[in-house]
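Q: Sequence lines, in order, name chains A, B, C, D and E. Numbered according to the working numbering, the first sequence spans residues 1 to 273. Numbered according to the working numbering, the second sequence spans residues 1 to 273. Numbered according to the working numbering, the third sequence spans residues 1 to 273. Numbered according to the working numbering, the fourth sequence spans residues 1 to 273. Numbered according to the working numbering, the fifth sequence spans residues 1 to 273.
It cannot be assumed that every hint is accurate.
Unchecked claim - In silico lysine-lysine, BS3-like type, Cα no more than 30 Å apart, as pairs:
#	chain 1	residue 1	chain 2	residue 2
1	E	Lys91	A	Lys91
2	C	Lys91	B	Lys91
3	D	Lys91	C	Lys91
4	B	Lys91	A	Lys91
5	D	Lys91	E	Lys91
Said to hold, decoys possible - DEER-style ranges, computed between Cβ atoms:
#	chain 1	residue 1	chain 2	residue 2	range
6	C	His79	D	Asp81	39 to 47 Å
7	C	Glu264	D	Gln96	55 to 63 Å
8	B	His16	C	Glu132	29 to 37 Å
9	C	Glu132	D	Gly225	37 to 45 Å
10	B	Leu114	C	Gly167	45 to 53 Å
11	D	Gln96	A	Asn228	53 to 61 Å
12	D	Glu257	C	His44	37 to 45 Å
What the hints contain is simulated information worked out from the structure, not anything from laboratory work. Idealized CB from N, CA, C, for every residue including glycine.
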Amino acid sequence: MHPTVLTAGQKSRMHHLTRFTHHRLLILPIDQGLEHGPEDFLPHPHSWDTHHAYRLAHATPCSAVAVHIGLAEKHQWHHPDVPLILKLNGKTRIPQNVPPFAALTAQVEDALRLNAQAVGYTLYVGSARQDEDFRQFEQVRAEAHRYGLPVIMWAYPRGEHVDRQGGPNDPRMVQYAARVAQELGADIVKVNVPNADPEHLQEHLHTILLAAGPTKVVFAGGELGEANQVLQTARTVLQAGASGLMFGRNLWQRPFEEALNVSEHLLHLLRDV
Amino acid sequence: MHPTVLTAGQKSRMHHLTRFTHHRLLILPIDQGLEHGPEDFLPHPHSWDTHHAYRLAHATPCSAVAVHIGLAEKHQWHHPDVPLILKLNGKTRIPQNVPPFAALTAQVEDALRLNAQAVGYTLYVGSARQDEDFRQFEQVRAEAHRYGLPVIMWAYPRGEHVDRQGGPNDPRMVQYAARVAQELGADIVKVNVPNADPEHLQEHLHTILLAAGPTKVVFAGGELGEANQVLQTARTVLQAGASGLMFGRNLWQRPFEEALNVSEHLLHLLRDV
Amino acid sequence: MHPTVLTAGQKSRMHHLTRFTHHRLLILPIDQGLEHGPEDFLPHPHSWDTHHAYRLAHATPCSAVAVHIGLAEKHQWHHPDVPLILKLNGKTRIPQNVPPFAALTAQVEDALRLNAQAVGYTLYVGSARQDEDFRQFEQVRAEAHRYGLPVIMWAYPRGEHVDRQGGPNDPRMVQYAARVAQELGADIVKVNVPNADPEHLQEHLHTILLAAGPTKVVFAGGELGEANQVLQTARTVLQAGASGLMFGRNLWQRPFEEALNVSEHLLHLLRDV
Amino acid sequence: MHPTVLTAGQKSRMHHLTRFTHHRLLILPIDQGLEHGPEDFLPHPHSWDTHHAYRLAHATPCSAVAVHIGLAEKHQWHHPDVPLILKLNGKTRIPQNVPPFAALTAQVEDALRLNAQAVGYTLYVGSARQDEDFRQFEQVRAEAHRYGLPVIMWAYPRGEHVDRQGGPNDPRMVQYAARVAQELGADIVKVNVPNADPEHLQEHLHTILLAAGPTKVVFAGGELGEANQVLQTARTVLQAGASGLMFGRNLWQRPFEEALNVSEHLLHLLRDV
Amino acid sequence: MHPTVLTAGQKSRMHHLTRFTHHRLLILPIDQGLEHGPEDFLPHPHSWDTHHAYRLAHATPCSAVAVHIGLAEKHQWHHPDVPLILKLNGKTRIPQNVPPFAALTAQVEDALRLNAQAVGYTLYVGSARQDEDFRQFEQVRAEAHRYGLPVIMWAYPRGEHVDRQGGPNDPRMVQYAARVAQELGADIVKVNVPNADPEHLQEHLHTILLAAGPTKVVFAGGELGEANQVLQTARTVLQAGASGLMFGRNLWQRPFEEALNVSEHLLHLLRDV
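Bound-form chain A, shown alone:
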């Protein structure tokens, strides 16, 4: 994002999000308790208490945690040093036969009150309820920008067309999601690493970054993976020009010391790649 395009408030908050992470983003999402439910936590007993993830955020110079209103209100008081991205909408994994749509769980006013540095919004590109999503995002985008808050879109392709095209991680679908984020006015977009064989991955990442245009792109870490493999993917996306990483399960599902070790490596990649 060309810096002059930001308003003073957005620029100041982007500075706070990136100053300890080498001017790139390393975001630690802790919203899986809502989005995925107990199954993300039960196999990892050290993760049952949310303090585990917060201690990680405290020990690592990450950009921010990304959490819903409940965690923001009840945990941030104890961690004023951990920058906050307030996730403004969400859903659980379990309603059936409903096209995906994440309803508001908080408002821009909450983000301002809690001194969040940015707001997060999940949009399901291609969902049969996409029109509701557009309207809801439009209101969040307009109000957040009125107060100088950067807007981060979690852009997920979904729906029948997506499934026929190779699924949510098909390169063209991820491109489309990145473009939608640019068109609708997101400052930052989080997308998944596309499915691609290694020799074509750089090419696909390139088109995804072009599809996002001046909107910064951060790639998701996704499910817990083997550390070396995960770091290799992080290196690849940063080489392609990504603005950062959003790693949740690949950090807080690990025991504390192991997670700290991974996050340290990620920081080196942010600095060096």
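Starting from the known structure of chain A, fit chains B, C, D and E onto it as the hints suggest.
A: Then chains B, C, D and E, alone, in the frame of chain A:
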């Protein structure tokens, strides 16, 4: 809930709710007339007149009654000594073919006007209308917290996925409900005691309390049961660390003296366990 | 309704509604033109002109007429002596395949502007659209009470469950409707006389009145019936403790003098039973 | 409509609408471009340019044109002498499988800004979306009356019940539509001439006028017909006591001189019948 | 559009849109990234970076670009010389089984803040969700005109009726779309060139322009075509009296020099035809 996370208004009201109940919660819900209908009352003629339940609330140092707007407006005038939790949404038992969703029956403004110490909200985790529920809860939560009112979520798992997983009282489903309450910003969550064989119950209760995090957990008394059995369950959940109990039918479906006897035992448990 | 529970405005208006009817209610509804359509009028040519019903209201010391906004705006100017209950929602008889729901036809502001003494609202207990009904009623109830207007709920059981239970006039369904009116904050509820053999009717009426609690109960006159039979039913419900009667078709479908004769008998019952 | 029931603003505007048309209404609707589409125009090349209809309105002392916002904004500037009824809702003929409902195309504020003398609203009595229609009309009615604007309802019976009863022009269905207009607070209602054999037509017209009560009734001209036949029908409805006529296609689908000739005859009927 | 019908603000902004394009419109839409997705871009690598289209807009004296909020906020800062039409609603190509409806992606307030010269709105004439579209457009139209912003409607026939009639480009369907734009108050309407054999095209274009009345008509360039053919079509519609052209893919899908060549020819046609 770590006390410092509460605002002055929330802390003051939590104090009013717990000062005569040994710093724990003993809530007497009288909302079954709306939620369940005549079938909860017909077999118990002493319960036909709502004064029966209110007399119990008056005679027992319970935390509060939890009632809908009609009872709050028309009965509380006669019982200024009984603290009030205003239930803000509800439904009857009888609409067919509609995914569960409890519409607003009162507003936060009503709660303030009637000097309620907290507001109650029923959320159906997993319902096909969960998105409407999230939006409605979000507005209640934001407005209640703006005025320092604690928010109590009745968190009930519902829907096809829940039924396939073992039903609303499956331990993982209750965990998920508790987590959703934490994520969405409830101060207190009411959940059911999970289905579990006795030797695993403590373990499941432990994960439920961790899933709720700083959100206080109160367990429902449920259907009228044999007194000893009911008290044993209460003892178990309090041993696990629950913040309190919500007992309705197990109190007001009993004759007055018998109910008073049960509530006295519950108070002893709140003090001693 | 215990008088002290009323605000000054509600108490004053209840006084106006009952001062000429022996402190009970005798309400003359003229909303069947909307709700039922021409079929209620065509067989009774004297009823084709709305002046017939208004002349009756003028000649009888009834509590009030209950009409929709159109009649209130266009007829009340000529009858400033007839107290007004403004019906705030309604529907016609003819939409097909839509679960019952009565949309707003006027606002509380209209009621205040036209000096109505109360507002009326139809709620379909058990309808698949009950949640919309609850929300709409909630807003009416809150605004009406803010301005000291008593709220009268026409509480009609509807839907598949109701049909399986014996229909809208099954005693338990009428009980449920009365209880919903109490729970949601109605000051007065209009219900139908339940289906019951004569020796059990008093018992069922008793449970209905208890289900309504401090909410006053008025019983509907229903379809045009033989005068003696109608008066006998009125006597029965008043003996059970009803707060009054709502008689429309049993008055205005009769020729003027005959209707006057019936209403005079009803007034005697209100005074003497 | 008894004049004293009108507010000063409504009375003044009704005067403007009727002063050159013998205190009755002769309304020229030009909304068929939206409602019916090209098929109303293609067979009549002189009608392709909207100026044709406006020139007619200019040459004939009609009460007003009834048009949507686009024509009002773009044509009235050239015809300040032609009074305006702003149609506030509408639809095209072509959406499929949607119960009829006419969405707002303009607001009462537009009517005031453009110096309209009244507003028009189409309501589909019996449509499965009737509840939305009621709510939308309620808001228009309330706001229009707040500013002294008369409200004209185009009342059209629709839906399965209507079809089973003999269709939209069945006398009982037209009666019902007229009554709904009275109940909901319309000042004027436009209905179709009912289907009836000549010897019963007067009788049916009489019941329709009674069903409308103090709401003035204007009858639609409908499809282009043979001039003598059309004038005969106009004479019949005026004899029955109608307050006026709404003639669109029977005027502007004719060549200019022929249309002028018909409108002149209509004016004579308004004066003489 | 007769100039006197415009307000001062609309007239001033229309002047800005047409002063370098011979008092006609040559609009360059860059909204296909949202509306069509990657498939419009992947075969044309020079188009992957949005700067390509903006450079074209900068090099050609076009009336304006038409873009969504994201491009407007992030690209216009670098191109203050390129006039802006802010597209206010849109959708992606991929949701399934949803009748077409384009949700808001920005507000009139955004258009004012960004100094847009007009706002754009896509309306699907005939869609089963047409009523939502009407309401949404109504609000945009009212607010835009309040601030003197011209409103451009992208008017697309859609739905079952349209498909049975010969599809969205059937001449009668395009006429209907143009008429709807006039009726609803658009200042400019964009329609497709209708399907017609060459000898009847002028006649059909004539009826489309009459259907639009004082609303200016611009014709879409559509899919990338052979340059001579495209220019021939442009000449034809301008000869018929069109107010301008909207060419997107036929410009930015071409390499820069080739596109510049086409746009130069288009400008000559605007001047000379």
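Q: For each hint given before, does the structure comply? Return the numbers of the non-compliant ones in rising order.
A: Of the numbered hints, 10 and 12 do not hold.
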